[in-house]
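Chains as they are written, first to last, in UniProt numbering: chain A, 1 to 162; chain B, 1 to 209.
If you are wondering where the hints come from, they were derived from the structure by calculation, not from laboratory data.
Be aware that a few hints might be false.
To be verified - Interface residues of chain A toward chain B, partial, derived using beta-carbon atoms under 10 angstroms: (1) E65; (2) S125; (3) E145.
Here the structure is a predicted model, which means the values were calculated and not measured.
For each residue, glycine too, the CB sits at the ideal point set by N, CA and C.
Next come the chains, spelled out residue by residue.
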Amino acid sequence: MKPIHILCTAFILTLAGFAAQAQDVNVVKFDKLQQLRNSDSDTLYVVNFWATWCGPCIKEMPYFEAVNKQYQNQPVRVILVSMDAKKDLEKVKTFMQRRNIASDVWLLDETDANTWIDKLEPKWSGAIPATILFNNKREQYYFVEKELKQDELQNLVLKFKP
Amino acid sequence: MKKPILPLTYTFCLLLVGVLLAATPANPGYQVGDTATDFKLKNVDGKMVSMADYKDAKGFIVTFTCNTCPYSVAYEDRIIALHNKYAPKGYPVIAINPNSVTVSPRDSYADMQRRAKDKKFPFAYLQDKTQDITKAYGATRTPHLYIVQKQKDGKLKVAYIGTIDDNSHEPAQVQKKYAEAALDELVANKTVSQPNTKAIGCTIKWREA
């Protein structure tokens, strides 16, 4: 009986491990992003633009993960929008799994940023990392085009969270 | 009674200037139509390069780019192609590496020399060590293009700011060649119809204060 017992435990642990693991990567077009940006829910959306090849983005990612965890029972939603190419989807998935990323991850499947950047934020030059925080219900909006420090992000979330 | 007025006016004036200066945002760099500054930066061959050195040029494709950003690397061949196509028409590429070597060690001068040699860059590849030129232009990402056109009075007018084309990942699937369209118009002495474009790129690695 014992080996079966061990096997079962291992199986359950593996399952639990998978459950706690990274979200799947959601491949989206710009209209999905625009829908989110126009959402009228009383939620603070923290939308971070990053890519697997972007060093500063990876450096600040744990801070976004921390916000996601800390406010998981509050109307605060972190979405990490990857600028990686769609052909690198597997690379993004592996990245998320290896780092056990629990925040929502989207991959924006648009090749020509010139067609959508200004619709989202005219002040954005296109450099990443960039982050927008908004709560349309409360008419709150904040945009930043740089790598955030942990306390900067914490303070922004504290300032805007409903 | 009259005496204190001048110092008072003077103080007021100083205050006003102070307030105005404080209210002015940090230099956002050039907009299309502005006059660009020339520079004197070190090329990978050890020589100092200025736009003034190119007597016959009609303008320049000033390209802020680097060794380390995957987008810059993805565009290297296309930057070479731009130079090969437009230098004979009077618009050579001048590439400028804006990154701080402290923050991004693989953008060192030696690494730039190596990259230029490996890729056989047909254009100047300069290092903006102080980042003053990068700031003056207002470049924020790599690659970031500023196409300037020489005017009759010798001034360098910014005619285009933006990206090379509409597909960084897949050169074969490019549909809109933004920079080439602008250059074709400039070569034909026309006004650039789409003088501003954007693309995703890497942040410039600024020196830590």
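Which numbered conditions among the earlier hints are violated in the structure presented, ordered from lowest to highest? Hint check: 1 fails alone, others pass.
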